[in-house]
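Next come the chains, spelled out residue by residue.
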Amino acid sequence: MERRSPAFTIFVYVCALLLAAIILAPIAWLFIMSISPAADLAAKPLRWWPQAADFSRYQTLLSTAENSAGAAFTSSLRNSLEIAGMATLAALALAIPAGWAVSRTPAIGWSLSMVIATYMLPPVALAVPLYMGLSHLGLLNNVFGLALVYLTILAPFTTWLMKSGFDSIPREIEAAAMIDGAGLFQTLRIITLPLAAPVMATSALFAVLLAWDEFFYALLFTSDQRAKTLTVAIADLAGGRVSDYGLIATAGVLAALPPVLIGLVMQRALISGLTSGGVKG
Amino acid sequence: MSSTWMTTRAWLLMLPLLVVMVAVIGWPLVDTVNLSFTDAKLVGTGGNYVGFDNYTNMLSSSNFSRTLVTTTLFAVISVAAEMVIGVLAALLLNQQFHGRAVLRALMILPWALPTVVNATLWRLIYNPEYGALNAALTQLNLIDAYRSWLGEPGTALAALIVADCWKNFPLVALIALAALQAVPRDITAASLVDGAGPFNRFRFVILPYLAGPLMVALVLRTIEAFKVFDIIWVMTRGGPANSTRTLSILVYQEAFSFQRAGSGASLALIVTLLVTVLAVAYAALVRKTAGSAA
Amino acid sequence: MLKTITKTLVGAVFAGGLLVPHAFAETTLNALFMAQAAYSEADVRAMTDAFTKANPDVKVNLEFVPYEGLHDKTVLAQGSGGGYDVVLFDVIWPAEYATNKVLVDVSSKITDDMKKGVLPGAWTTVQYDGKYYGMPWILDTKYLFYNKEILEKAGIKAPPKTWEELGAQAKIIQDKGLLKTPIAWSWSQAEAAICDYTTLVSAYGGDFLKDGKPDFQNGGGLSALKYMVDSYKSGLTNPNSKEFLEEDVRKVFENGDAAFALNWTYMYNMANDPKDSKVVGKVGVVPAPGVTGISDVSAVNGSMGLGVTAVSKHPDEAWKYIAFMTSQATQNQYAKLSLPIWASSYDDPAVTKGQEELIAAAKLGLAAMYPRPTTPKYQELSTALQQAIQESLLGQSSPEDALNTAAKNSGL
Numbered sequence: 001m002e003r004r005s006p007a008f009t010i011f012v013y014v015c016a017l018l019l020a021a022i023i024l025a026p027i028a029w030l031f032i033m034s035i036s037p038a039a040d041l042a043a044k045p046l047r048w049w050p051q052a053a054d055f056s057r058y059q060t061l062l063s064t065a066e067n068s069a070g071a072a073f074t075s076s077l078r079n080s081l082e083i084a085g086m087a088t089l090a091a092l093a094l095a096i097p098a099g100w101a102v103s104r105t106p107a108i109g110w111s112l113s114m115v116i117a118t119y120m121l122p123p124v125a126l127a128v129p130l131y132m133g134l135s136h137l138g139l140l141n142n143v144f145g146l147a148l149v150y151l152t153i154l155a156p157f158t159t160w161l162m163k164s165g166f167d168s169i170p171r172e173i174e175a176a177a178m179i180d181g182a183g184l185f186q187t188l189r190i191i192t193l194p195l196a197a198p199v200m201a202t203s204a205l206f207a208v209l210l211a212w213d214e215f216f217y218a219l220l221f222t223s224d225q226r227a228k229t230l231t232v233a234i235a236d237l238a239g240g241r242v243s244d245y246g247l248i249a250t251a252g253v254l255a256a257l258p259p260v261l262i263g264l265v266m267q268r269a270l271i272s273g274l275t276s277g278g279v280k281g
Numbered sequence: 001m002s003s004t005w006m007t008t009r010a011w012l013l014m015l016p017l018l019v020v021m022v023a024v025i026g027w028p029l030v031d032t033v034n035l036s037f038t039d040a041k042l043v044g045t046g047g048n049y050v051g052f053d054n055y056t057n058m059l060s061s062s063n064f065s066r067t068l069v070t071t072t073l074f075a076v077i078s079v080a081a082e083m084v085i086g087v088l089a090a091l092l093l094n095q096q097f098h099g100r101a102v103l104r105a106l107m108i109l110p111w112a113l114p115t116v117v118n119a120t121l122w123r124l125i126y127n128p129e130y131g132a133l134n135a136a137l138t139q140l141n142l143i144d145a146y147r148s149w150l151g152e153p154g155t156a157l158a159a160l161i162v163a164d165c166w167k168n169f170p171l172v173a174l175i176a177l178a179a180l181q182a183v184p185r186d187i188t189a190a191s192l193v194d195g196a197g198p199f200n201r202f203r204f205v206i207l208p209y210l211a212g213p214l215m216v217a218l219v220l221r222t223i224e225a226f227k228v229f230d231i232i233w234v235m236t237r238g239g240p241a242n243s244t245r246t247l248s249i250l251v252y253q254e255a256f257s258f259q260r261a262g263s264g265a266s267l268a269l270i271v272t273l274l275v276t277v278l279a280v281a282y283a284a285l286v287r288k289t290a291g292s293a294a
Numbered sequence: 001m002l003k004t005i006t007k008t009l010v011g012a013v014f015a016g017g018l019l020v021p022h023a024f025a026e027t028t029l030n031a032l033f034m035a036q037a038a039y040s041e042a043d044v045r046a047m048t049d050a051f052t053k054a055n056p057d058v059k060v061n062l063e064f065v066p067y068e069g070l071h072d073k074t075v076l077a078q079g080s081g082g083g084y085d086v087v088l089f090d091v092i093w094p095a096e097y098a099t100n101k102v103l104v105d106v107s108s109k110i111t112d113d114m115k116k117g118v119l120p121g122a123w124t125t126v127q128y129d130g131k132y133y134g135m136p137w138i139l140d141t142k143y144l145f146y147n148k149e150i151l152e153k154a155g156i157k158a159p160p161k162t163w164e165e166l167g168a169q170a171k172i173i174q175d176k177g178l179l180k181t182p183i184a185w186s187w188s189q190a191e192a193a194i195c196d197y198t199t200l201v202s203a204y205g206g207d208f209l210k211d212g213k214p215d216f217q218n219g220g221g222l223s224a225l226k227y228m229v230d231s232y233k234s235g236l237t238n239p240n241s242k243e244f245l246e247e248d249v250r251k252v253f254e255n256g257d258a259a260f261a262l263n264w265t266y267m268y269n270m271a272n273d274p275k276d277s278k279v280v281g282k283v284g285v286v287p288a289p290g291v292t293g294i295s296d297v298s299a300v301n302g303s304m305g306l307g308v309t310a311v312s313k314h315p316d317e318a319w320k321y322i323a324f325m326t327s328q329a330t331q332n333q334y335a336k337l338s339l340p341i342w343a344s345s346y347d348d349p350a351v352t353k354g355q356e357e358l359i360a361a362a363k364l365g366l367a368a369m370y371p372r373p374t375t376p377k378y379q380e381l382s383t384a385l386q387q388a389i390q391e392s393l394l395g396q397s398s399p400e401d402a403l404n405t406a407a408k409n410s411g412l
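Residue numbers (my numbering), protein chains in the order written: chain W, 1 to 281; chain Z, 1 to 294; chain U, 1 to 412.
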C-alpha cells in the first residue's frame, strides 16, 4: 500500500471522482430543480443550470397562510416531527429497561430474539388488523395512533441497539456501586445510564430516521392534515398530478434536510450503530 | 441476591416492551391468520369461514406467480449489485487519497435521503419527455431519441433497481469499510511480502474479515427488498402492464383497493412465510460463514 | 370484554389529545378533493373561502390527493371516527359507495329547482338504483385538442372529424417533419387509460357489459383497442403516452410537442395561460371524433360529484357546503377550468366569453357522453382493463387475447 505506482494513484483518484459524481449528481439535480424556473425544466435541450435562481417555491411551501398549499405542507412537516418524536420517546422508554434486562440476564435473551424476529414480518401482514383496531379505538388519522403503530418498527431496533450498548458497559462497575451500598435504581441512574448516554443518543437518532422515512402505514392510516406525514404528502405531489417538477423537488429537499443534516453531523455515531448490525434498509 | 429474583426482575423490566409488542404485532398477526380463512371485506361485517379457499385461490392465480418472479428478480439483482458496488466503494475508500474524509462523509447522503424522496427524485430523472437522464444521454450522443424508461417493461424494473441501488449501496460500503479498517495492517503487509497478487490478497486475506458483517447486511437488505413497497408505489405503481408489481403492491391492491381483507390477509401471510424461510436459510448461512471465518 | 378495557385505557390516555378539537363551538368539516384536472386547487380554496365567509360558524379543512388516491382514501377513511364529511367521487364509484354504505342517500335534499336547472346528463354522475348520492359538480369529458399553428403549417384546413382522419392528419404532420410523434394520450396503467379507451368505445359503438356480463372483448370494444394499438405501432402516437397521465399530456401539449391531444376541459384555459404555456392562442378544441357510419363525435362521461359520507357527524352543514359549491353562481364564477352543470349557464355571456370554441365543443361532447360500466366491482374491472390495454400496446398480447383475459379477470 505504501509503495503505490503512479498509475494506481491516478486510478484511485479517477475512481474517487466517479464515486463522488455518482453520489452527488442526483442530489445536486434535486436541488437545482427546486430553484429552476418551470420553463427551464421543460426546455429541450434541457437547461442544466437556471438562468436565474428562483427560491419562490420554498416560500410557497413554507407559508402558513390558512388553507394554502403551504399550510398543507407545513402541517405534514409538523405531523412528521410530532410522530417521530413521540414514537422515539416511547420506543426508548420501552427499550432501555428491556435492553438492560436482557444484557444482564442472558437467560431471557430468547424473548428479545423473538421481538427482533418480527423484523421479518412485512407490514402488509399486520396492516388490515391494525387498520381495524385503530378504527375501533378512533385512532385512525391521528398522530397518536400512527406513533403507536411505529413502535412495531422502532421498538425492536432500539431495544437491540440498547442491549449491545449495555453489553459494552462492564457489569463490574455496577457491582462495585452496589457493594458501596447503592440500590439498583440508584446504580442505574448514577452509573449505567450516563455511561449508556451515547448509545441512547444513537438509538434515538435511528428511531427518528426510521419514523421519518416510514410511508406504508402513514399512507393507510392517515388521511388529512390532522395526521398526514411528509412522506405521504410528497408521494401525493409526485403522483403525476403536479406539473411543476420544481415544486416536487422543493418538497423533496425540505423533507430530506433533517435526516441529511442528522446524517452529516452525527456520522460517527450512526456508522458505529450501523456496524454493530447494519440497521435500516 | 438470588438468581430467581434476578430473572423475575429482568422479566419485569422486559414486560412493558412485551406488552406493547403483543398489542401492535402479536395480536394483529393472529387476527390476520383468522381473517385469512374468511371472506371478510375491509369495511363492514366479519365475513364467513371459507377454509383454505383464499390460499388456494391466491396460490393458483397467475397474478401471484408472476408477482413472485418480479419480486425475486428485484430482490436478487438489487441486493447483489448493492453488495458488489458497496464492497468496491469500500475498498476505494480504504485507500489513501486527498479528500477521502469528505467522500466518506458524502456516502451517508443517499442513505439518509427518505425513501419516498429518493423515489420521487428518480421518477423525475426518468421522465420520458423532460427527464435529466434522457437529456444527458442524448447530449452525450449515447441515445438518439428520448426513451420511456418507466414505461417499457424491459427497462422499468431495471430503472427501479438502479434507484434502489443508488440509495442502498452506500450502506453496504460503510459497513464494509468499517470491517476493512479492522483488518490488522501487519497481516496485509505479510501477504505482500509473501507475494500474493491483489486478487488472492482480497480473496484469502481481506474477505474473511468482511464476510461476517456483509452477511448481516445481505440478510437485512434481502428481507427489505422482498418486502419492497414505497419506491415502487411512488415510481410506477406496479406498471407498465404490471411488470413491476411486487408482492406488497399486490397485497395492497387486494386488501385495500378491492377491499377483500380475507384474501389480502392470506396473501400477506404467504409473503410472510416466504420471507421467514428466506431469513432462516440465511441465518444458517451466516452461522456457517461466521464459523469458517473464525 | 378485553376490547372494552383496552378501549377505555387507550381512550383515557389519548382523551386529552382528542378532546381539543371539540372545545370550539363551531363546526368543522373535512372535505376531500383531488389535485389537478378540472377546478384547480386554488379555485377550490377560493370557493371554500367564500363559503366560510358566508357561514362563519363552519370551518372547512380541505384535503387534496392525486386522482389515483381518491378512491382508496375515501374508503380507508370510512373506518376512522374523524373521517371526511364531504368527498369528491368519480362517476364510476356511486355503485360501490352505495353498496358499501360509504355515501348517504340525499334524494330528499335535491330540490325541484336543482332537478330542473341541472343538465340531465349530469345527474347520471350521482345516481345509482334510482337514488341520489350527491350533487354533480364537475361536468367533464375528453375533447380533442389541436395545435392550430402546426395544423396550419401542415396545410390542414380543419381538425379531424373521424379517428381515421386524425391518423391521416398526424401522418401529414409527421411526414412534413413538423413533429416526430404528433398525438399524445394518457395511457399510463391508470384510470386515465380507461377514459381514453371509453372515448374510443363510444366512437365505435361498443358495449362494456351486456346483461351484466363483459362484452368489451367483442365488436366496438375490440375495435377501440385495436385503434389504440395501431396508432401506437404506426409511430403517430407519442410512445411515451403509455406512461402519461393527463398532466403529462398537458405539459407536452403546452410545450408545443404535440399536434393532437385528448384531454379534459381544464386544459383549454391552462394551455392559453402564458405563465406555463408556449402555445397560447394556438389552442384548438373540438369534440373527440367519431367513426364513419357509426358516430359523429365521441365522449366519455368523466363527471364527478360531491357527496356526504355516512360517517359524517355534520351531514346538514356538509350538504350546505355541497349546495354552495355546486350552485350556479359559484360554478359560473369559476367556469374557466370546469364547465357548469347548469343548463342555462351555457347561454350566459359571462360564462362563454373568451371560450366560445370550448363551449361549442362542449355542447356536442357533453351530449354524447358515454358511461363507463356501473358496477360495485368497478375497481377490479378497471384494473383488468388497464392491464389489457398496456399489454396490447406493448405487444405482449393481441388485443383479442388481452380483452378476453380481462373479461375473465373482471370479477363479473
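Since the hints were made in silico from the structure, they are not lab data.
The reader is advised that the hints may include incorrect statements.
Cut-off 30 angstroms, straight-line C-alpha distance, at most; resulting in silico cross-link-like pairs (DSBU-like, lysine-lysine) [as the list claims (entries may be wrong)]:
id, chain 1, residue 1, chain 2, residue 2
1, U, LYS157, W, LYS44
2, U, LYS213, W, LYS44
3, Z, LYS41, U, LYS275
4, Z, LYS41, U, LYS131
5, U, LYS115, W, LYS44
6, U, LYS59, U, LYS233
7, U, LYS336, U, LYS313
8, U, LYS363, W, LYS44
9, W, LYS44, U, LYS101
10, W, LYS44, U, LYS210
11, U, LYS101, Z, LYS41
12, U, LYS213, Z, LYS41
13, U, LYS59, U, LYS363
14, W, LYS44, U, LYS278
15, U, LYS282, U, LYS363
16, W, LYS44, U, LYS282
17, U, LYS233, U, LYS180
18, U, LYS275, W, LYS44
19, U, LYS377, U, LYS101
20, U, LYS313, Z, LYS41
21, W, LYS44, U, LYS59
22, U, LYS59, U, LYS148
23, Z, LYS41, U, LYS171
Checked hints:
Restraint check: the Cα-Cα separation between U/LYS157 and W/LYS44 comes to about 29 angstroms, which is no more than 30 angstroms; the hinted pair holds. Proximity of U/LYS213 to W/LYS44 is assessed by CA-CA distance (about 48 angstroms); at most 30 angstroms being required, the pair is judged violated. Note on Z/LYS41 and U/LYS275: the hinted pairing is violated, with a Cα-Cα distance of about 47 angstroms set against a maximum of 30 angstroms. Between Z/LYS41 and U/LYS131, the direct Cα distance comes to roughly 24 angstroms. Compliance with the 30 angstroms bound is thereby established for this hinted pair.
For the hint pairing U/LYS115 with W/LYS44, the CA-to-CA distance comes to about 50 angstroms; that exceeds 30 angstroms, so the pair is violated. For the proposed pair U/LYS59 and U/LYS233, the alpha carbon gap of about 52 angstroms is over 30 angstroms, so the pair is violated. For the hint linking U/LYS336 to U/LYS313, the alpha-carbon distance of about 34 angstroms lies beyond 30 angstroms, and the restraint is violated. Under the criterion of a C-alpha separation no larger than 30 angstroms, the hint pairing U/LYS363 with W/LYS44 is inconsistent with the structure, at around 37 angstroms.
Between W/LYS44 and U/LYS101, the direct Cα distance comes to roughly 50 angstroms. Violation of the 30 angstroms bound is thereby established for this hinted pair. Straight-line distance between C-alpha atoms of W/LYS44 and U/LYS210 comes to about 48 angstroms, which puts the hinted pair past the 30 angstroms bound. For the hint pairing U/LYS101 with Z/LYS41, the CA-to-CA distance comes to about 13 angstroms; that is within 30 angstroms, so the pair holds. A distance of roughly 23 angstroms separates the Cα atoms of U/LYS213 and Z/LYS41; the hinted pair therefore holds under the 30 angstroms criterion.
For a cut-off of 30 angstroms, the pair hint linking U/LYS59 to U/LYS363 is broken: about 37 angstroms separates their Cα positions. With a CA separation close to 13 angstroms, the supplied pair W/LYS44 and U/LYS278 stays within the 30 angstroms bound. Distance hint between U/LYS282 and U/LYS363 is fulfilled; the C-alpha atoms sit about 21 angstroms from each other, no more than 30 angstroms. The straight-line distance between the Cα atoms of W/LYS44 and U/LYS282 is roughly 20 angstroms, inside the 30 angstroms bound, and the hint therefore holds.
Between the alpha carbons of U/LYS233 and U/LYS180 the distance comes to roughly 13 angstroms, so the proposed pair stays at or under 30 angstroms and holds. Distance check on the hinted pair: U/LYS275 and W/LYS44 sit about 18 angstroms apart at the alpha-carbon level, within 30 angstroms; holds. The hinted pair formed by U/LYS377 and U/LYS101 meets the criterion: a straight-line CA distance of about 14 angstroms does not exceed 30 angstroms. Our distance criterion of 30 angstroms between C-alpha atoms is met by U/LYS313 and Z/LYS41, whose separation comes to about 24 angstroms.
For the hint pairing W/LYS44 with U/LYS59, the CA-to-CA distance comes to about 45 angstroms; that exceeds 30 angstroms, so the pair is violated. Restraint check for U/LYS59 and U/LYS148: not satisfied, since their Cα atoms lie roughly 45 angstroms apart, outside the 30 angstroms limit. With a C-alpha separation of about 50 angstroms, the suggested pairing of Z/LYS41 with U/LYS171 is violated against the 30 angstroms cut-off.
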